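**Student:** For chain A, the structure is supplied; the task is to place chain B on it using the hints.
There are 2 protein chains.
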Amino acid sequence: MSSASSNASSPAPSPPPPVVSKSKIRFCPACGSPTKLAIPDGDEKMRAICSSCGRVHYENPKMVVGCLVEHDNKVLLCRRKIEPAYGLWTLPAGYLEVGESAAEGASRETLEEACADVEILSPFAQLDIPLIGQSYIIFRARLKTPNFSPGPESLECALFALDDIPFDSLAFSSIIVTLRMYLEDVKSGNIKFHYCTINKRVGTGTSDLRSFDIDNHLSV
Amino acid sequence: MSSASSNASSPAPSPPPPVVSKSKIRFCPACGSPTKLAIPDGDEKMRAICSSCGRVHYENPKMVVGCLVEHDNKVLLCRRKIEPAYGLWTLPAGYLEVGESAAEGASRETLEEACADVEILSPFAQLDIPLIGQSYIIFRARLKTPNFSPGPESLECALFALDDIPFDSLAFSSIIVTLRMYLEDVKSGNIKFHYCTINKRVGTGTSDLRSFDIDNHLSV
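The listed protein sequences correspond, in order, to chains A and B.
According to UniProt numbering, the first sequence holds residues 1 to 220 in order.
According to UniProt numbering, the second sequence holds residues 1 to 220 in order.
Just chain A, with the same shape it has in the complex (with noise of 0.2 Å):
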């Protein structure tokens, strides 16, 4: 789709993007001191290190947790009411946080987002996304009553039969990764759990959703 997406003229593979070139960490979050960027004792990668007490600071990936929600062979998507992505389509799910399990940050999302109470039933996927630091956690859940109305984040949400997804407006890479899978476990008779990487091709851009490929798709 984006024109920044071929390389017909540059055939030479552009290089992954260094792990760590620059941090976000530019204060020690301890002492409030500048930070300088540096090769730890014993350690390979270059870390935000305090300048005045020396603490290391690490940047980590992120958990995002949600449910796949299923209700008479449908399931629950909400229409996102924030940026990014305002006016797509997405399953229930957000960061986890600090003091909650990845089910009970699920069932949290989809209450907060789809105002559904729910019922975690299995592990579904964990999709990485390595050049953005996140890792989705995807439950399949069902509701407890079959009431769900959109929360403060959602302009609406519906429950959408199988051949009815829209996957044209879908708002994320990992939202279309799961839904796919799961049409197709459906279709098998056999839900399975799955893992998988999605990584962005190599010169698209972020907002270009359908430029990315599944590596090392494992499933149980």
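Think of the hints as simulated: they come from the structure by calculation, not from any bench.
Mixed in with the good hints, there may be bad ones.
Pair by pair, the computed Cβ-Cβ distance ranges are [what the hints assert, rightly or not]: (1) A:Thr-145 with B:Asp-41: 39 to 45 Å; (2) B:Lys-144 with A:Pro-40: 25 to 31 Å; (3) A:Ala-38 with B:Ala-30: 18 to 24 Å; (4) A:Arg-142 with B:Leu-162: 32 to 38 Å; (5) B:Leu-162 with A:Arg-180: 33 to 39 Å; (6) A:Asp-117 with B:Ser-51: 35 to 41 Å.
Just so we're clear, the structure is a prediction, and the values are computed from it rather than from any experiment.
Positions of the beta carbon are idealized from the N, C-alpha and C atoms, including for glycine.
**Tutor:** Using the frame of chain A, we list chain B on its own:
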């Protein structure tokens, strides 16, 4: 084991620990100004908010990724050369880094701690430990070549037959749970994917490895 684990003299249950009673983020990582704890608009939890630039700083759980390496009906364990749990046995595992997938991180940790080059076979378990903000992601893996040796963080590495796993000398509750589940699966002839939460029993110390409960165990 620990006398502190008994609640016989105080029948009322202890309240759960507050999720964020204080923050490790005392200074803004972006501008260096002091933070204050407050509930942002539209939020429900206390967050560290910069008193100068107003940025909200969230604290999220960290992913620990590791491998359960199978070889000749044995599993590969490493004896820790570092604290915590110096001298105790563990699966090769460590914090996931930004820029790598969980499978890549698990392979990297296995190379670092056991000098073992492995192929990831399948996801085996996710074990959340909400109290300490960690989520363990464990993969089954196999040795590409039958070679391993202790890396800088290991005293020794060894293959253990399943009946000889040193359950009394394991380093972490997550490792105990993972290996117990694996043994049960192998004995039943059906190796599954497991999700569960590990909760410390109220009143027990962090060093009391065996005072935990497994909640929400789901398998696929």
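**Student:** Evaluate each hint against the coordinates.
**Tutor:** Hint check results:
| no. | hint | in the structure |
| --- | --- | --- |
| 1 | A:Thr-145 with B:Asp-41: 39 to 45 Å | violated, 30 Å |
| 2 | B:Lys-144 with A:Pro-40: 25 to 31 Å | holds, 30 Å |
| 3 | A:Ala-38 with B:Ala-30: 18 to 24 Å | holds, 20 Å |
| 4 | A:Arg-142 with B:Leu-162: 32 to 38 Å | holds, 36 Å |
| 5 | B:Leu-162 with A:Arg-180: 33 to 39 Å | holds, 37 Å |
| 6 | A:Asp-117 with B:Ser-51: 35 to 41 Å | holds, 38 Å |
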